[in-house]
Amino acid sequence: MPSMAKVLIFIGLLLLIAGLLLWFLPKFPGFRGLPGDMVFKKENFTFYFPLGTSILLSLLLTLLLYLWRKFGG
1 MPSMAKVLIF IGLLLLIAGL LLWFLPKFPG FRGLPGDMVF KKENFTFYFP LGTSILLSLL
61 LTLLLYLWRK FGG
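Taking UniProt numbering, the leading residue of the sequence shown gets 1, the next gets one more, and so forth.
Source of the hints: derived by calculation from the structure; they are not laboratory data.
Note that the structure is predicted; figures quoted are calculated from it, not measured.
Check before you lean on any hint, since a few could be wrong.
Here are the computed distance ranges between Cβ atoms for each label pair [said to hold, decoys possible]: (1) K70 to V39: 31 to 39 Å; (2) F45 to W68: 36 to 44 Å; (3) I55 to I9: 21 to 29 Å; (4) L13 to F47: 28 to 36 Å; (5) K6 to F49: 30 to 38 Å; (6) L8 to T46: 15 to 23 Å; (7) D37 to M4: 28 to 36 Å; (8) S54 to M4: 34 to 42 Å; (9) R69 to W23: 36 to 44 Å; (10) L63 to K42: 19 to 27 Å.
All residues carry an ideal CB built from backbone N, CA and C; glycine is no exception.
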C-alpha cells in the first residue's frame, strides 16, 4: 500500500474515533470536559473554548505520530 494511502486511512480512523467520542462522551454523567476548558455564558449566548482538551489532543497526536514514524513508517 502506498504511503499516501496509509496516511489517508490513519486520518480516517482518527476522524472516526473523534466522532464516536463526541457522540458518546456527553451521554456519560459527570463528563463536563477537562480542567482548562472555558465556558462563557451570557443571556442568550454560550461560548465554549476547549483549551485543556485541545492541549491533551495535541499531546496525544504528537505521541502517536512520533511512535508511528519511529516504528511503523
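Going through the hints against the structure:
Distance hint check: the CB atoms of K70 and V39 are about 38 Å apart, consistent with the given range 31 to 39 Å. Between F45 and W68 the beta carbons are some 41 Å apart, a value that agrees with the proposed interval 36 to 44 Å. Distance hint check: the CB atoms of I55 and I9 are about 26 Å apart, consistent with the given range 21 to 29 Å. Checked against the given bound of 28 to 36 Å, the beta carbons of L13 and F47, roughly 30 Å apart, stay inside it.
Look at K6 against F49: about 33 Å separates their beta carbons, and that is inside 30 to 38 Å. Checked against the hint of 15 to 23 Å, the C-beta distance between L8 and T46 comes to roughly 35 Å, which is inconsistent with it. The given range of 28 to 36 Å is respected by D37 and M4, whose C-beta atoms sit roughly 35 Å from each other. Our hint of 34 to 42 Å for S54 and M4 is violated, since their Cβ atoms are close to 27 Å apart.
Range check, R69 to W23: about 30 Å between beta-carbon atoms, so the 36 to 44 Å window is missed. The supplied range of 19 to 27 Å is broken by L63 and K42, whose beta-carbon atoms lie about 37 Å from each other.
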